[in-house]
Amino acid sequence: MRQSGFHAAVLAAAVCCCATAQVSVEVKLDQEQFLPGEPVQVAVRITNLSGRTLRLGETSDWLAISVESRDGFIVPKNADLPVVGPFLLESAQVATKRLELTPYFDLSRPARYSLIATVQIPEWDQGFSSKPVSFDIVEGAKLWEREFGVPGTNGPPEVRKYTLQQVNYLQQIKLYLRVSDASSGKVHRVVCLGPIVSFGYPRPALDKRSNLHVLFQSGARSFLYCVVDPDGRLLKQETYEYAGTRPRLMADADGEVTVVGGVRRGQPSQPGPRPTNAPPTNAVKPANP
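The letter at position 64 of the sequence shown is residue 64 when you use my numbering, and the numbering goes up by one with no holes.
No wet-lab data here; the hints were simulated from the structure.
Don't take each hint at face value.
[As the list claims (entries may be wrong)] Taking lysine-lysine and the DSS-like style, the derived pairs with C-alpha atoms no more than 30 Å apart in a straight line are:
(1) 28 to 77
(2) 208 to 161
(3) 186 to 208
(4) 208 to 142
Given the structure is predicted, the values throughout are model-derived calculations rather than measurements.
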């Protein structure tokens with residue numbers, strides 16, 4: 001009887017190991033280089049080929065993210081990641097959990113970082129980790145900055161700062177805007193405005209609402225015009241072409257800023273929130289054969 005029980009335990013362990021070997025975790029990043037405060041979007045891909053249905057997302061510890069710098073510094077968390085949301089992952093399916101790390105980890109220090117995601121399977125009392133994925137937090141070259149008051153606040157206006165920076169990424173120079181608190185340096189938002197030519201210099205102007213208007217050369221004869229509000233939201237993005245005259249910003253007596261000269265190409269875009277038809281945070285699909 002004792003020997004039979006031993007064989008049964010070994011068999012059960014073997015079945016469990018066989019099943020768990022068919023669960024894999026993978027981490028994907030949209031890019032490998034970020035400015036301090038720029039959103040770091042992560043997609044955690046969980047593949048289930050165990051032959052069993054998995055119940056995931058029921059507790060706050062089912063998915064853990066750890067971030068460590070190359071010199072061994074463990075990045076502290078500002079808050080717990082919002083990972084709770086139960087779902088079933090059947091065998092031969094893949095689930096993708098999308099997260100933004102910036103609000104929950106202190107990624108303000110320029111360095112090279114390594115990220116690992118670990119998924120816990122409660123039924124098996126076992127966790128599965130992804131391979132490390134590396135990314136860099138870099139300081140851009142500061143081109144311009146200006147402090148401004150946030151309108152519509154009671155009492156003395158809150159003072160923030162606009163900072164234009166350029167970053168060379170994958171052999172392309174991009175222009176970024178950082179909105180931060182003028183006194184504490186807290187970053188409210190970092191937004192990529194678009195590519196800028198190496199010999200170009202952005203032309204910024206503030207309107208009466210403290211919106212920042214930026215015009216910069218993005219190609220041989222093309223220019224990008226962006227408008228950003230004090231919270232760092234991109235309100236407008238338009239493309240202009242050089243056609244006899246070079247486009248430039250002009251402020252009128254009422255504090256409004258417009259583009260004069262050049263020719264606008266296509267219809268003006270009105271950037272807003274992420275589209276509502278974006279893939280859900282727990283997108284599930286069949287696993288690739």
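Hint check, failures only: none
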